Amino acid sequence: GDSVTQMEGPVTLSEEAFLTINCTYTATGYPSLFWYVQYPGEGLQLLLKATKADDKGSNKGFEATYRKETTSFHLEKGSVQVSDSAVYFCALRLQGGSEKLVFGKGTKLTVNP
Amino acid sequence: EAGVAQSPRYKIIEKRQSVAFWCNPISGHATLYWYQQILGQGPKLLIQFQNNGVVDDSQLPKDRFSAERLKGVDSTLKIQPAKLEDSAVYLCASSLGLARGIQETQYFGPGTRLLVL
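As given, the protein sequences belong to chains A and B, one line each in that order.
For the first sequence, the working numbering gives the first residue as 218, with consecutive numbering after it.
For the second sequence, the working numbering gives the first residue as 33, with consecutive numbering after it.
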């Protein structure tokens, strides 16, 4: 079935460090891919998305590129801030089918000053 | 614009008791989702409504879980009787639902954290 695998956490970085959170997927069709972020005490928020191969999603300094050949959608940021501390979820949604999101397990990021 | 509202935010019950959660989606959103998020896992869809009709309830444990959206606006999710493994965060999300196949953003509420003792 359709699934998302993302790197195990937690991840702890110092401020201004480079961030990568790996995400790979398995899908029978051609999914759209998403990164959601969950700040402490808040609901899930869409961070960025990509709907087709080679698309790059970006927002708030975060980027992820839809790589069909490696079935990946890794999240990157060049310089993290303390305010980026949160749980990050990679997710997919099949195009043309059910609109449900299939999520990975989440990666907790802590950024220290 | 007001976001997705959920209540209560926290609930503690004993096993075999019943519990109900409420969700009010963003105004004008036709599609409503309930997800279950067990600690350490990603959210899993339980049920999806389009207006007051069920689109997908394939992962809803129907022997104990039920959900309704009678007027196509707010929704309730009920568990009766609860089991220990139902301890989780229950997330409600909504989207515009203009037409099937259009990739619309889902907006999530803050969730209801349930602990079953």
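Heads up, some of the hints might be wrong.
Heads up, simulated BS3-like pairs for lysine-lysine below, C-alpha to C-alpha not over 27 Å straight-line [unchecked claim]:
no.	chain 1	residue 1	chain 2	residue 2
1	A	Lys294	A	Lys269
2	B	Lys110	A	Lys322
3	B	Lys76	A	Lys269
4	B	Lys103	B	Lys76
5	B	Lys43	A	Lys322
Treat the hints as calculated values from the structure; they're not laboratory data.
Owing to the predicted nature of the structure, the values given are computational and were not obtained by experimental measurement.
Does Lys322/A sit within 27 Å of Lys43/B, going by the straight-line distance between their CA atoms? Answer holds: Lys43/B to Lys322/A is near 23 Å, not above 27 Å.
Given the hint that Lys294/A pairs with Lys269/A, test it: the Cα-Cα distance must not exceed 27 Å. holds (21 Å)
- Agreement of Lys76/B and Lys269/A with the hint, judged by alpha carbon distance not exceeding 27 Å: holds (23 Å)
Inset, instruction - Take the C-alpha atoms of Lys103/B and Lys76/B, compute the straight-line distance between them, and say whether it is at most 27 Å. - result: holds (25 Å)
For Lys110/B and Lys322/A, compute the direct alpha-carbon distance and say whether it is at most 27 Å.
Given pair Lys110/B, Lys322/A holds - Cα atoms ~25 Å apart, limit 27 Å.
Against the hints set out earlier in the document, no violation occurs for any number.
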